[in-house]
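> With the hints in hand, could you dock these two chains into one complex?
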Amino acid sequence: MTVLSINDLNVMFSTESGDLHALRDVSFDVPERRIVGIVGESGCGKSTLINSILGLLADNGRIEKGRIDFEGHDLTNLDAKTMRDLRGPRISTVFQDPMGALNPVISVGQQMRNIQYRLGISAKDKDQRSVEMLKMVRIPDAEHALDRFPHEFSGGMKQRIAIAMALMMEPALLIADEPTTALDATLEVTTIELLKDLQEEIGCSVLFISHHLGVIAELCDDVVVMYAGEVVERGSVRQVFNNPSHPYTARLLECDPARQSERTRLLPTIPGEIPDLRRRPAGCIFANRCDRGVEACGSTPPEREVAEGHIARCVLAEAS
Amino acid sequence: MSILEVKDLEVSFAVGSMLNRGALLGVAGVSFDVKAGETFALVGESGSGKTTLARAVNGLQQISAGSVTFDGQRIDGLGVREMKPLRRTMSMMFQDPIGSLSPRMKVGDLVTEAYRIHGVKADMKAETERLLSLVGLNMDFADRFPHQLSGGQARRVGVARAIALDPKLVIADEPTAGLDVSVQGEVLNLLNDLRERLGLAMIIITHNLHVVHHVADRMAVMYLGRFIESGPTEEVFAAPAHPYSAALLSANPEPDPDKAKNRIALPAEVPSLLSRPSGCEFHTRCPWAQEMCSRKAPEAVNVGDRRVACHFPLEQGASPPVKAEVS
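Which chain is which? The protein sequence lines are H and P, in order.
Counting with the working numbering, you get residues 62 to 381 for the letters of the first sequence.
Counting with the working numbering, you get residues 399 to 725 for the letters of the second sequence.
Bound conformation, chain P alone (with noise of 0.2 Å):
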């Protein structure tokens, strides 16, 4: 069952002057479904909408168009108050894991901050202890600020927060970004560990594609507020179809100075959103970029289980065409 339905979302923002108005899409119709139990990953550059289709789905963002559904019940367009009851079930990990933390609160009234929000009686002193225990902190840094926690020790208590209230669902924007190797798979084992426990479902963003690998049950890449390539985690590394996944996929640095790379070269600049690009968005920037990419915009087609829009899939495999030097 889908705990989660998202439907031709559409983010817009408003830019420019007064006299110069405009508006550009942060997300430009995604439609997607999370499972009870599953982790969903989303990828993809900076500015690509990752984060700002996290905090639509969450409510934190106004859409423009397009539908979520959450348990079976609509909460696009619901207000601040309709939405407050809907936030026990749906908690968010944002990025800044010390930044996230009121500096003023002690971590033991941070944990337990969700039950006097929603007003949920509890033994908060218990309650504490549990949820610490939970993220392997012990009693003695519920009286520590924020500011006396290293980033891994800060990140366990925004897990802490997230899980207070046994959510359906956990978004957890970069949850392991600027962590050690070592934190980040402790980091990691705990979310998957509670994933198994409580059954909860996840939205995983970040850029580190080995961690996707490895905790993601289905995937989407994003690129410039659109899904280009989705489906199994599996498949997407096996065979990445779209060309823009490939390339993600390939400069992924590796801890081996033997390995041979080959990696697909992209140019390195990412068009505004203020002036997206005719055809498939991506053909500027794209190797295997023939003429009518230019002219019209790719439909998503299916290859295997993935949804891809992309105009010419790419085979197992595929290296980029030579192109001769154009000068």
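Same shape as in the complex, but just chain H (with noise of 0.2 Å):
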């Protein structure tokens, strides 16, 4: 079963110097109690992805072409009614900051409570799978954490309640947009096993983006590595990391510092610039930085699969 497919999603921006054209040909499917994450450079798009999934496109953004499919819905024209219902219940979010997600002069137990507005069960019952849900995420003394203020809690455990709130009404689909950068890596490695034991508990699917390649490769099943707006790779998080077929996650992989094991003064980076999304090349989108290009690069790769469910989107990948 899928929870959500995203199909050939393309969005525009209009700006004052012409369109931008931030995401092309996008699809990928995020299958039932799956982790997915999405990896790729600030400025892939990423986060326009999100909001078009959960319908928050800025003013400007438009989606031109594509579907993306949720519970018998398509997003990209749905009534901002059913969105809102939608939101919060059946899809809901966790983002880099968590004092973004909680509400600085309102205690922790209030806020909870007026999330689960629409149980029509008794404030006190309310309080009670507060506590429990504040429990799984292993805050202290969860029953006298309700009576507190988010300034009165650590960073991770901010982090860690916000997460609570996410999963309070059971959604189908969480979206963890890079939850665990501003945490330190002790921090990082406790919230990202308690988000996969979550995870498996109340089986709910994840998509999960982050930049940084050690958690990626040690939360999620899945990943999508996204390169301009495009999805360029993508497969197990094995097939990827093992055997990467496209040149740009190759060059990724080999950047990460903690893939040299000698150790080295001189870091690898990948030379050049993401081209200008105002004024997309034709043919491959990484072909300016490529150094493996071929003369085919000029036309619109094609999707190669490399193994099964593992595709690249790379006319020199080949199948294995």
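Check before you lean on any hint, since a few could be wrong.
[As the list claims (entries may be wrong)] Using 20 Å as the maximum straight-line C-alpha spacing, the simulated EDC-like pairs for lysine to aspartate or glutamate come out as follows:
#, chain 1, residue 1, chain 2, residue 2
1, P, K657, H, E315
2, H, K257, P, D541
3, H, K196, P, E713
4, H, K257, H, E231
5, H, K219, H, E239
6, P, K504, P, D541
7, P, K659, H, D188
8, P, K659, H, D69
9, P, K659, P, E713
10, P, K657, H, E323
11, H, K126, H, E93
No lab work stands behind these hints: they were computed from the structure.
Following this line, the structure appears as structure tokens:
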């Protein structure tokens, strides 16, 4: 079963200097009970993608073409009310900064009660559920935590409370946008382990956005690699990390200092810049930075299936 | 020769209300030195005092005890006016790349701002060109405002500003936080290149341990405002002797789905600086903690070339003892 299915999604932004093609032909699925990671440099369209799913594109953005299917709805042309009913109970989100998700002047308990307004149960029952949820995210002294305010918790705890709130209504899909970037190594690891446990317990799917390759490798089942608004490679984490088939993925993995076991003063980089998305070059989007370019790169590359479920958008990708 | 020497530095913050005054130690007695051409890394969780220490070294934060000697001169307790000429030779890169640039100044003016502040006469246009090309930006950027820059470009402007007047020491607070791996490599390579060519010393604050491994000559691990382990980077990575360093290194997510993970799990909650634990301050989270750890604070001991503040320094590859579940 597929929870979320994105097909041929194209998103444009109107800017003063012309239309900016932010997402081009993006397609991938989020299967039931899987954690799908999206990785790519800043500016590659990760946030645009989330906003398209949530129906929160900025006023100058529009979905030009494509479908986003979720629980029988096409999210690209859903009326505001139905969308509002989906956001929260069915699709929920955790962002990088937990303080952005928590109201600083309302107690944690009151905020968690507010989330459950659709349930039609008594305030006491709601509090009971809140306490259970806080225990699940391992907040010590959960009963008393309800009376406290967000600033009384540490950064890691605030992020765990935000996760508890996002999962409170048992959504089908959780979108986590860089939820651990602001945390330190030890807290990062405990937070992703917690996220994995909760995902299994609640049985939801997770779309996990990060530029930290180590976290993706650790947490996710599948991974989607994006570059300049296109999906250049997708497959299971093992397929993509062990056999990167798009030159961009390969270079990205090489760049991670974690992959250099020998100590080196000079770290590898990818020379060149991302092309201007207002003037998308014809052909392969990575051609100007790719060191394996051939003549065929001048025309739009096909999606090649390297192995079952492992797809790379490169003319050089070959089935192994 | 040491360009910077810090001895028993303490920074305390006043807390509480008028009737209930208290103080917390953000940095609790730290000593280290940095030699010319050397890179020194500070690692630790947020709230461990890394940034406070950097600000104290730089004179942006008043210190309550200890001394800071920079280039042979005591600089702790100097006033703003006395500090000013020193800031030519000791520069700082702040954590937030875009936030540390004035939004109303153009990049060209930003990179040469130090010349105007210190009254250095120079051909500003030529200097702008020199500095921008040094950090790999072309002259088109000189007319841009900070909001028109990407995170990586803003970092480079930050680097250009920091090195404008040929400093002897650069303090870089999270120079690569939030950057993508390839841009991160570019910024670090740039700093390393300048270190080699200009012989500048660097203090890097980061929580990315992979970065530390590659760029730092020596490092210190901070916990609750103290150094719990410090010494040559390679030694610390090869065999961390303090349980906290070991846990920190084992918690480093690696981009390899098949890699076996031998994590040392720590209880997540960091003690409050207002009520520091007794004895060894790490005993509340330490998997190896023994009875004496809660009573007696450990003295720093030498392990190889390192200083380690632990009663029972770890052997290489030690794994935590299995404790009976107490419920």
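> Evaluate each hint against the coordinates.
Each hint, compared with the structure:
{"no.": "1", "hint": "P:K657 to H:E315", "result": "holds (17 Å)"}
{"no.": "2", "hint": "H:K257 to P:D541", "result": "violated (47 Å)"}
{"no.": "3", "hint": "H:K196 to P:E713", "result": "violated (36 Å)"}
{"no.": "4", "hint": "H:K257 to H:E231", "result": "holds (14 Å)"}
{"no.": "5", "hint": "H:K219 to H:E239", "result": "holds (15 Å)"}
{"no.": "6", "hint": "P:K504 to P:D541", "result": "holds (6 Å)"}
{"no.": "7", "hint": "P:K659 to H:D188", "result": "violated (38 Å)"}
{"no.": "8", "hint": "P:K659 to H:D69", "result": "violated (38 Å)"}
{"no.": "9", "hint": "P:K659 to P:E713", "result": "holds (19 Å)"}
{"no.": "10", "hint": "P:K657 to H:E323", "result": "holds (17 Å)"}
{"no.": "11", "hint": "H:K126 to H:E93", "result": "violated (25 Å)"}
Hint check: violations occur at hints 2, 3, 7, 8, 11; the rest are consistent with the structure.
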